[in-house]
Amino acid sequence: MLDVIDLNLEFHDHLVPETVVYDFDLHMEPGEIVGLVGESGSGKSMTALAIAGLLSRHDMQKRGKILFEGQDLLTCRRSELRSLQGDDIAMIFQEPMTSLNPVYRIGPQVEEALRIHSPGIDKEERKRRAIQMLADVDLEEPERVYDAYPHQLSGGMRQRVMIAAAMICGPKLLIADEPTTALDVTVQAQIVKLLKRINREKKTAILFISHDLSLIRQLCQRVVVMQGGRIVESGSIEEVYGSPRMEYTQKLIAAIPRCEKKYARRQSGKSAQSAKGGMQDGR
Amino acid sequence: MKKKRSKNFTAGAILTGVMLLFVLVGFFWTPYDPETMDKSVKLAGVSFAHPMGCDNFGRDILSRVLKGSGTTFLVAVGTVAIGTLCGTVLGAFTGYFGGIVDEVFMRINDALFAFPSILLGLVFISLLGSGKYNVIVALGIAFVPSFARIVRGEFIRCKNLDYVRSAKLAGAGDLRIMFVHILPNILTVLSSSVMIGFNNAVLAEAGMSYLGIGVQPPDASLGRMLSEAQTYLFSAPGYALFPGIVLILMVLGFSLLSEGLKE
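In order, the protein sequences belong to chains A and B.
Residues in the first sequence are numbered consecutively from 93, following the working numbering.
Residues in the second sequence are numbered consecutively from 131, following the working numbering.
It is possible that some hints are incorrect.
[Claimed, not checked] Facing chain B, a subset of chain A residues (Cβ under 10 Å, in silico):
#1 L141
#2 G178
#3 M183
#4 Q186
#5 E187
#6 Q201
#7 E204
#8 H209
#9 C261
Please keep in mind that the hints were generated in silico from the structure rather than gathered at the bench.
From the three backbone atoms N, C-alpha and C, an ideal C-beta is built for every residue, glycine too.
This is chain B alone, in the form it adopts within the complex (with noise of 0.2 Å):
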C-alpha cells in the first residue's frame, strides 16, 4: 500500500531533479561567458547560437539564466539553512524548557513575524550593506521567527508525550531528549515548512534583487534579470519570459514536492 506516492510527490521530485540539474550546469558550463558583451547581437531574438536571445548588453541570456538561477539557488539554500538551522535550536529550547525565557523570546518573535520577511530583509540589507552573502544573512534572520515558531510549537506538542518521559525517566538529558528522542519526530513537519521556506526564499531574493538591493551587478540573478528586463518588455520580450519561467518552474517544482510529503 505504501509504495504508491502521490502525483504530486513525483511530479516535485522530477521537476526538482531537473532544475537542480539545471542549476548545477550552470556552475560548471555556460554556452557564453555571462558577462562578455557583444554589441552586435544587443537583444537579439531566439536563435540557433543564442537559444534563449540575448540582453541591451548583447549578453547572452541562456548562460546568464544558468548562471543567475544558480546564484538563486546558492542565496535561497543559505536561507533557508540559517532560518532553519537558528530557528530549530531557538523554538527546541524555548518549546522545551518555557517558562520566563519562552516568554521573553517569543514575544520578540511575535515582534519580528509582525513585518513582512521581505521588509525585515531590507531591515538588516540597508544595515549590513548589499551583495549575494548579505542577502542571504539578512533574509536568514528574517526567516527564523517563522521556524522558530513551528518548531516550538512541535515541541510543546511532544514533551508532555510518554514516549519523551520514558526517555527522561530512562536518564537521559535535556539535549539528548531534545535532539535525539523529539526532533526526528518532528521532521516531517520541519521539511514541509522548509521546503515552504524555500520557495519564499527564492521569491524573496528575487524581490530584492528586483528593487536592486540585492545581488549587485554584474552578478547575474533571476531577480535582477527581470528587474532590467522589464523596459525592454516590448522590444525583447525573451528577456523577461525566460528568466521568469525559470524562476516559475523553480518555485512550483519545490511546492509540489512539500505537497507531496504533507501527504
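This is chain A alone, in the form it adopts within the complex (with noise of 0.2 Å):
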C-alpha cells in the first residue's frame, strides 16, 4: 500500500545544503502498524511529514518516491494530494494543546475532513456521524464533548478527539507522530491501546512514531530504527528486540527502563537513606 524509496529529504536553508533524511525505505501493508524509533533529530518527525504530503517548504528538496497506492506524493498534483489527505491518509501530533483551533468548538473540527471530502453528506448526519467517532474514541458524553471548546479539555481528551477527527473519513494510513509524548503513562497505555482497537477494527494501517521503544514493543509488528537521518535497522518486533544487529539499537533497547531494576535500586536507596537518618539520630 505504501511505500517509500529511497527518500532523500535536503534544507537549503544555510549555506551549505543539510541533509536531513538518507535514502530512506519503507513499505507498509495495509492493515499493518509499523514503528519508527530514532532519538531527537533523526529525521524521523520529517520522514512522517513528507509522507503526509506536508513538506511543502521552497527551501528544500525532496528526492526519491513516496508511493501510496502506486501514485507518487511526491510529484502528483497539488489537486490530487489534497484529494488523498484527510480521506486515505491522516495524521496525528504530538501536542494536543495545539493541535486543536481554540477558536472553534471541537464538532465542527472532528467534522472537517467529512466536510471537504464528502460534501454531499447533510449537516445531520454529519453531526450523527461526528458524534459517532468521538463515541467509538472511548470519549465519555460525546454529545457534551462536541459542543466543547478545546480549552474545556484535558491533553488525553483532546487528542482522543485529534485521533476522532483523523479517523472520521476512515483512512487507509494513520500517521501518529509520537501521539503519547506529551500524555501521562496511563493516558499514553489508554491511547495505545485505542489505536490497537482502531487497528483490529478498521483495517486502518498506522506509522507509529515514537522515541519510547516499550511502546512500539506493544503496539507495532514492524520496527524501524533510525540515527542521524538513515535507517540502522529494521525488522519485525521479534527479530529487532531479540536480537538487535547493531550497536545502536542494543544501546537503545539497552535504555528501557526494566522495572524490577528500578525498584531493587530503590529499595537500596531507602535503605541507604534510613542507614543515614540513623546515624544523624544517634548524633
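Both chains are given apart, each in its own frame, so use the hints to dock them into the complex.
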C-alpha cells in the first residue's frame, strides 16, 4: 500500500545544504502497524511529514518516491494530493494542546475532513457521524464534547478528539507522530490501546513514530530504527528486540527502564537513606 | 472569573458609545443649519441659543461640531476599512505563502513604511486632489502597510501550528486555511490594531484638514474647524476648545477600548 523508496530530504535554508533524511525505504501493507524509532533529530518526524504531504517548503529538496497505492505523492498534482489527505491519509500530532484550533468548537473540527471530502453529506448526518466517532474513541458524553471548546478538555481527551478527527473519513493510513509523548503514562497506555483497537476494527495501517521502545513493542508488528537521518535497522519486533544487530539498537534497547531493576535500586536507596537518618539521630 | 471586564474596557465602551451617539445625532439633526451664516452672532460666546458659541461667520459651533465629528468619523472608518481589508489580504497571502512574492511585497512595504502615513497621505492627495472621499482613499492606502505587516507576522506565526497542519491534512484548500482556520485566531491582535488605526486615522484626518488639504469648505470637519479657529484663539476661545474636546474624547474612547480589549 505504501512504498517509500530512496527518500532524501535536503534543506537549503543555509549556505551549505543540509540533508536530514538519507535513502529512506519503507514498505507498509494495509492494516499493518509499523513503528519508527530514533532519538530526537534523527529525521523521523520529517519523514512522517513528507509521507503526509505536509512538507511544502520552498527551501528544501525532496528526492525519491513516496508511492501510496501506486501514486507518487512527491510528484502528483496538489489537487490529487489534497484529495488523498484526510480521506486516505491522516495524521495525529505530538502536542494535543496546539493541534486543535482554539476558536472553534470540537464538533466542526472533527467534521472538517468529512465536510471537505464528502460535501454531499448533510449537516445532521455529519453531526451524527462525528458524535459516533467521538464515542468510538472512548470519549464519555460525546454530545457534550461535541459542543465543547478545546480549552475545556484535558490533554488525553484532546488527543482522542484528534484521533476521532483523523479517523472520520476512514483513512487507510494513519500517521501518528509521537502521539503519546505529551501525555502521562496511564493516558499513554489508553491511547496505545485505542490505536490498537482502531487498527483491529477498521483495518487502518498505522505508522507509529516514537522514541519510546517499550510502547512500540506493545503496539507494532515491525519496527524501523533511525539514527542521524538513516535507517540503521529494520525488521519484525521479535528480530529487532530479540537479537539487535546494530550497536545503536542494542544501546536503545538497553536504555529501556526495567521495573525490577528500578525497584531494587529504590529499595537499596531507601535503606541507605534510613541508615543515614539513623546516624544523624544517633548524633 | 471571566465576567469582570477591565475598567479600561468599561470606560472606553461608555465613552465610545456616547461619541457614537453624538455622531449619529449629527447625521440626522443639528440645532441650526451648520452652513447658514449670521452676521449678528459673529464670534458670539457661549449662550443658551448657541451652547458652544458661534464662529467667525456666525455659524453655530455645536451644529458644526456635530456635523464635523460625523465627517471625521466617516473618514476614519473608511480609512481603517480600506487599510484593514487590503492589509489583511496582502498580509495573509505574503505571510502564508512566503517565498519570492513575500520578499517583493514586503520590501515595497518597508519602503512605504519608512514614510509617516500623513506624508504618504499628502502624496496621494496631491495625486488625487482633495475632498472627503479622496482623503479616505489616500489615508486608506497609507494605512495598508502597517496592517499588512501585523497580519503577515501573525500568519507566519500561525501557519506552522499543528492545528493548521491538521486542517491542511484534512484536505482543506489554501484559501480555506487562511481565512477560516487562521484568520479567526488573529482577530484579537487585529482588532486592537484596528482601534489604534482608527485613532491614527482620526488624527491624520484632523491633521490633513488642518493643513487645508483634507475636507474642503463648506464641509465641516474637526480638524478644519481647529485650523480656522487658531486666528480667533483669544477673541473666541470656545471655537477651538469645543472641537478639540470632542476630538480628544473620540480618540480617548477608542484608546481605552483597545487597551481593554488587549487585556
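Subject >> Enumerated hints in conflict with the structure, sorted upward >> reply: Every hint satisfied by this model.
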